[in-house]
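Position in the first sequence counted from 1, then plus 1464, gives you this note's numbering.
Hint data in this document are derived by calculation from the structure and do not stem from the laboratory.
Treat each hint with caution, since some may be false.
[To be verified] Now the in silico label distances, taken between C-beta atoms and shown as ranges: (1) Ala1862 with Asp1652: 39 to 45 Å; (2) Glu2050 with Ala1862: 47 to 53 Å; (3) Asp1849 with Ser1634: 19 to 25 Å; (4) Val1877 with Ser1634: 45 to 51 Å; (5) Leu1763 with Asn1738: 15 to 21 Å; (6) Asp1881 with Lys1618: 33 to 39 Å; (7) Gln1682 with Gln1493: 46 to 52 Å.
[Unchecked claim] Computed cross-link-like contacts, BS3-like style, restricted to lysine-lysine with a CA-CA straight-line distance of at most 27 Å: (8) Lys1670 with Lys1621; (9) Lys1618 with Lys1636; (10) Lys1673 with Lys2004; (11) Lys1838 with Lys2063; (12) Lys2004 with Lys1928.
Where is the CB? At the ideal position from N, CA and C, for every residue including glycine.
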Amino acid sequence: MSNDSAPVQSPSETTEEVAPTDGAPRRDQLWKIRHSCSHIMAQAVLEIFPEASMAIGPPIADGFYYDFDLPRSLTPDDLADIEARMERIVKGNFEFKTWNVPSEEAIAYFKERNQQYKIELIQDLGVPEVRFYQQDSFVDLCGGPHVRRTGECKAFKLMRVSGAYWRGDSNKPMLQRIYGTAWKNKSDLASYLELLEEAKRRDHRKLGKELDLFSFHQESPGAIFWHPRGWQIYRGLRDLWRDIHTAEGYVEICNPIIYNKSLYETSGHWEHYNEHMFKVESEGEVYCIKPMNCPDTMLFFKTRKHSYRDLPLRVSEGQILHRNELSGALNGLLRVRQFAQDDAHLFVTEEQIEKEITNVVGMIERIYALFDLKFRVKLSTRPADFMGEPALWDEAEAALERSLNANNIPFIVNHGDGAFYGPKIDFDVIDALGRKWQCATIQLDFQLPRRFELTYTDRENTQKTPIVIHRAIFGSLERFIGILIEHVAGAFPTWLAPVQAVIMPISDEQVDYCHAVAARFRAKGLRVEVDDRNEKLGYKVREAELLKTPYMLVAGRREAEGNSFSVRNFSVGDRGAIGVDEIEAELLQKVANREFDVKLKTISWSHEEETETDESGY
RNA sequence: GCCCUCGUAGCUCAGCGGUAGAGCACUCCCUUGGUAAGGGAGAGGUCACGGGUUCGAUUCCCGUCGAGGGCUCCA
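With the sequences and hints as input, model every part of the structure.
See below:
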């Protein structure tokens, strides 16, 4: 609290002996450093604003934060000031002391210091005794543990200030949250900052502009304007999706995008998802622009009677969806209001669940492998407010588990994290920078078929309700492209690259030759351009390199006469003269195999010892 | 939606109470040049939009829209 305040009771214990609360996440040295940094920061903030109210200050993945109620908004200058004061506290190498205080006394202590949030925390804990921690003159309510001395916090940096609701409740006051990052030593901190720099360099919004892939306009916030080069990537992914799904026995349909609200009353979305749907009115009826494909795919299923012989029925649909996301949540390609999912719904019998899931898991593995994306799997089971028969849930969860095992895929179980309508498997892809992105999902749904009264006739000629499996592999195409751009840092594999080769005549003499070869390549479906501008070779090479074009084909007099090109690959360099036939064969082969001919620049860092966000440490 | 920051030429950015500047890109001319920028000239902006303060606003204030960082949300 305030710096001049005396502790309630003289400190005796050291942090050493304090046992972590049971069931808490890993509380290793790094966790303690981050948590301690948060206290050190709070002390610094209180030095500047003695009247500040403190909320919570936990360690999080990569660092820590602390929420404050302050008399004015913080500026970047304040951050520098706070950081300098933190350095002083660290240099002081103060001991972290801790002791227990009866809750009543603690409340009185905080009341005296106008710390209403701390009082609320203590009251909510509802325990007879709470724990205090102190370093230097600063005392805080805290479960600990902490490092022994402030001197152990030697590698931190304050990152940013943002708003955060007290207790994460948008009805409660908005506090100011200061984020910092903290590491065991300076070199870990440096490599983390380097990672952030690299992430900034390959930010898909920046690259999208530089590579002329897409743009955004305020006339349609949250919606992507695809440029020719970006749309080519989109089409490439959609083609991949179609090829694989056709081969796996999927059929594709195309449904409307506007529906009478009655459809969503049937599906339950009107009740649960209303505020996220865009609506239009016509002739006194309310219509919704569809936010997902499931309800209308149910209508397709109902267009005729089905036999068990029809199942599994695998129906894909990739129509445009709209979701009215909050303006503040929009983020480049990653969070948009208009997008398409690579969606499919499988109508199956109970016995078919396992086999179908196994098949989808296999497809996911194959597709991610095409991009050299690693992934991590989470199986989410029955939540507290589940609907349906427990026995059916048990069997379905077991089937999901068997499918993962059948594919030899390790997974973690998130007990109680499933949707109310069924258990699910989520896939987080891990990109070249070690970042995780939730993409693929496989969800069992026992509810939607019931709501739409779907039936099929089984072997005994009785009517049964099918089970629906919702599944997507990319998630949304838009989002996946965003992730992919950052994963490959804008350098797409040849098969997916917007322009696969730029053909460069050295002088006017070779222009006709270059155009003739370009026409030949285009006839084979290759995407090539001729850069016949009146510029020097170095200029053209530079431009093609900046656009991360996989192939640069240079023709001077020698090459034109020998029906060849001097081949240069992106980020590889000059390979020397190669005959046109050979070049064509190489390109066609890479395209046919969807070869991942990208050298990924990966950054490994200590991400794996992640500290999950943990707000228990106040 | 909420908090903070931001919005100057196609792009990246400088500037500032006295009606705007650079580099790149673009157009034209010269140059026909072997693997990351050849030279010259020119054109291009109601300084996001709407109010207000002021003799005067791109600059200060308020609002709107959009963007960025978070929070919330993401059945």
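Violations among the numbered hints: Of the numbered hints, 4, 9 and 12 do not hold.
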